[in-house]
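As a plain string of letters, each chain reads:
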Amino acid sequence: MPANLGEFEQLVLLALLRLGGKGYGITVQEELGRQAGRNVSLGTVYKTLFRMESKGLVSVHLGEPTPERGGRRKKHYTVTLAGRKALQRSLAALRKLSRGVDAVWELP
Amino acid sequence: MNPARWLSWLIPASEREFVLGDLEEAHGRRSALRRTWELVKVAWVCRRHRPRHLYYSLITSSRGDPLVTTLLNDLRYGLRQLLVRPGFTALSVLTLALGIGATTAIFSVVNPILFESLPYPNPDRVVRVSEVDKDGLPNGTGFATFVDVKTMSTSFEALAVNSQWQPTLQSNGDPERLSGQRVTRDFFAVFGVPPALGRDFTAEENIRGKHRVVMLSDGLWRRRFGSDPAIVGKPVTFDGIEYLIVGVMPQTFENLISPSVQLWAPLGYEVSLPWACRTCHHLGEYGRLKPGITPEAAKRELDLISGRLVAQYPTEYVAPGMLVTPLQVVLTRNVRPALLAVLGAVGFVLLIACANVSSLLLGRAMQREAEFAIRGALGAKRGRVVRQLLTESVMLSLVGGAAGIALAWVGLQGLKAIAPANLPRLDAIGIDTGVLAFTAGLSLLTGLVFGLVPAFATARPDLFTALRPGGRHTGHRSKRVLRGVLVGGEVALSVMLLVGAGLLMRSLEKLLSVNPGFDPTNLLTLTVQTTGTRYSTDEPVWAFWERTLEAVRAVPGVTMAGITSQLPLGGNFDRWGVQIEGKLLDNPEAAPSADRFSVSPDYLQTMRIPLKRGRALTVADAGKRPPVVLINEAFAQVGWGGEDPIGQKIQYGGPDQPWRTVVGIVGTVQHTALDLDQAPQLYVPESQGQFADASMDFALRTRGDPALMAAAVRAAIKSVDPTQPILNVATMDDVVSATTRQRRFTFVLFQVFAVVALLLAAAGIYGVLAGSVTERTREIGIRSALGAPRAGLLSMVMRQGLALTLAGMAAGTIGALALTRFLQKMLFGVGARDPLTYTGVVVVLLAVACGACLAPAIRATRVSPLEALKAE
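Listed in order, the protein sequences are those of chains A and B. Those letters in the first sequence? Residues 1 to 108, per the working numbering, in order. Those letters in the second sequence? Residues 1 to 872, per the working numbering, in order.
Hints are computed from structural coordinates only; laboratory data are not their basis. Glycine included, every Cβ here is placed at the ideal spot set by N, Cα and C. A hint or two may mislead.
[What the hints assert, rightly or not] With the C-beta cut set under 10 Å, the calculated list includes, among others, these residues of chain A facing chain B:
1. K22
2. G25
3. E31
4. L32
5. A36
6. F50
[To be verified] Not close to chain A: a few residues of chain B, all C-beta gaps over 12 Å, as computed:
7. S14
8. H27
9. N422
10. R506
The task is simple: from the sequences and hints, build the whole structure.
Here you go:
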């Protein structure tokens, strides 16, 4: 049984899915800021990516060097099958748990 | 240079390219600072991510020399071991930093004083020459004797005398009283330091009448003369007299005889002067020996000369003989025992720190036993493993040493603040290259010392037990014993330090409870100096003292005021040979000597010096009335034994002085120190003195805090004559406590060291017991399952810890009994084997040890049998 995902791991995985296999450090950070309103440091993003890489939740492939990066390559992250499954489980759990508690939002 | 690139090793090598690329893409090429900041943040957040990448790039492997490669491998592996256990590493580094830091701080204080040579060329040839007094102790030199010795002796390259001089500078701004020396011509040649500007004094300037020239110190030249490079040859006025500046000494010249001195002038004595006599022992004599002449050889020569002089002038000397003492010895004699004791104490602290880390490493080694067993099984030689372990311990000690230097620097600021006034070369104390080298060496050495025991104990484990599952719970008997010995040793060393601190504390208490012979509370003291041509004869000086006393008595809050030529505990004394009528001695030099106090009549009442018999001085005892004198009880005993001295007559200051009638006997004042027996003392009314004292100390009894009266009293004195300098304003309580500074210094250091030792020892005891409880979890679980009561488990662990403590205390007590005799010189009113101190130490240590045992013992009682057995 795969390990449970942390909240930030879920966010990063969702961001990677939205970026469609083109995600890397900065774009993930930007996507999290734009879509989730989360201003996180680059270090936090890397830390999560490195950890998920070692857990096998994401896989990497290297991009081409570009001049604006000082001739350095990009490290693109793609969500693996294991990553998708883990994310599905987490989201399903969230959906199930939140079903029927909508009324709660209305309370002061 | 791009700092981001330079710092890029902080990022794991495998990720470096991508992270740097991202940073450049996000922040552009220009904002290098921003990128650097972001890079550091990334490195910090990701610091736990595969640490080998992060830190290994610090030590790049070398493909060259196999020895270097092995060392680098050891370093790399050691670094990882230290990083894997941050708690253990931090604790060890902190302990070592305490030990090494304290040692470094003390060493940097002691080094320039005891070990470094004096800052002069061929410093071992600089000596102090002294005459001897009745008891064979060093005494000052009379000018006539100096002249004879200088002419007759052949041992010295240079020989000079000096006296104190307090001129008031009256040029270039506000008048200021300076501290100076009057010296004979060769004074600077004795130290071998020539002036930086101008020239030395000439032979002609030694002659009276031509001696109005001065040499400035570098500090005075900068402060009052604006570092004027053309100062030489300019005139300057001191005490209303014009002097010519002939030179400036270099900044590097340390005047160790009298560090506060700011200028020098020729002495200008000639043998015909009354104060140049053979019995006028007020000059300090210093010499530079010729190369190859030892102080002993010089002393032999001076003894011969002295023998001839005594034969020639039998009534001018008390005994033949002179002393020749190296200056270094003279300067350090008084502080040496205290400094050596403190150095010894800090050595103990370092040893305790080493033992503590050693014990921690042993505990760690027990956990790592399987690792070494596997290495051994794979063919690692014992030496290889020992080297690996020593590399780790030396790395620990070097990091500890670096932290220790920081601690030492902080500690030094505190040390300088509490340093006793007689500590020489205070300015030379600091962390310099010598101290750094010492600390580096010390760190390496400590690393080896505390690393060797665990290294050898670990290097060859019993493969069978070490690798057997669950075997780690049994195979450590020898290491456990070793840890016990180390911790017992810590306890023993702590006992010795605590006893030392306790004895010093009791001495200080006893010293502060000494009756000084006067009442120091609510007493303001200050010195007024008469200066200028107006006060060159006696009459105006006496008149000035009268008017000043009137003025200060009128200050609201001052209830009584008196003046004296010497205040108690002020650091000076004024000693005279005294002849007793009817008991005249052929050689007046053999007569008893007494400290003279020239006082106003109400000085003794102001100080509350008790009158034991007879009458006090009154205002009527003045001027041309029959001269009277008060003596203290010690004098009555020395001079008259059982007879009644009242009505008897004494004479001091030479046969031409009047005979003074003893009218009263007063209590003894602790004048020179609280802890010394006092010489006989005599008090004469200042207006009946043989001369008017140019400088007087005021004692003012006040209502309320005397320190608050200082400004009003100053103003009152200024109202009499604004040009006369007022100095040394202090409350008598402060004066008394200043005399205990050296004891306080030693005591405070011992106290700090003892507390550190106690804490480290407690940590050691705790560490051993905690380790033992963890190790014995299964055993304790079984005992508990079989029905052992909690109290029984508690006492089982406590017994183990207390056995360790008691053994250490026994050894420590024996050590303390043997070592405290080295403290003897610093003790006062308490024996080195004071039972109360020893008892106190035992009680404190037992209490602390119980505290340290309690936590692991309680943990043992909480071991759940179920958990303990299931864990297997």
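Status of the hints after comparison with the structure:
Using the Cβ-Cβ criterion of 10 Å, the hint placing A/K22 at the interface with chain B is not satisfied: the shortest such distance is roughly 14 Å. Given the 10 Å rule on beta carbons, the hint for A/G25 holds: about 4 Å separates it from the nearest Cβ of chain B. With a cut of 10 Å, the hint placing A/E31 at the interface with chain B is violated, because the nearest CB-to-CB distance is about 14 Å. The beta carbon of A/L32 comes no nearer than 14 Å to any beta carbon in chain B, farther than 10 Å, and the hint placing it at the interface is violated.
Interface hint at A/A36: violated, since its Cβ lies 18 Å from the closest Cβ of chain B, which is beyond the 10 Å cut-off. The restraint placing A/F50 at the interface with chain B holds, with a minimum CB-CB distance near 5 Å, inside the 10 Å limit. Distance check for B/S14 against chain A: the nearest CB is about 9 Å away, which does not clear 12 Å, and the non-interface claim fails. Non-interface status of B/H27 relative to chain A is broken: a Cβ of that chain comes within 12 Å, the nearest being about 10 Å off.
Taking the minimum C-beta to C-beta distance to chain A, about 57 Å, the non-interface status of B/N422 holds against the 12 Å cut. The non-interface label for B/R506 is consistent with chain A: the shortest C-beta to C-beta separation is roughly 58 Å, beyond 12 Å.
Comparing the model with each numbered hint stated earlier shows that hints 1, 3, 4, 5, 7, 8 do not hold.
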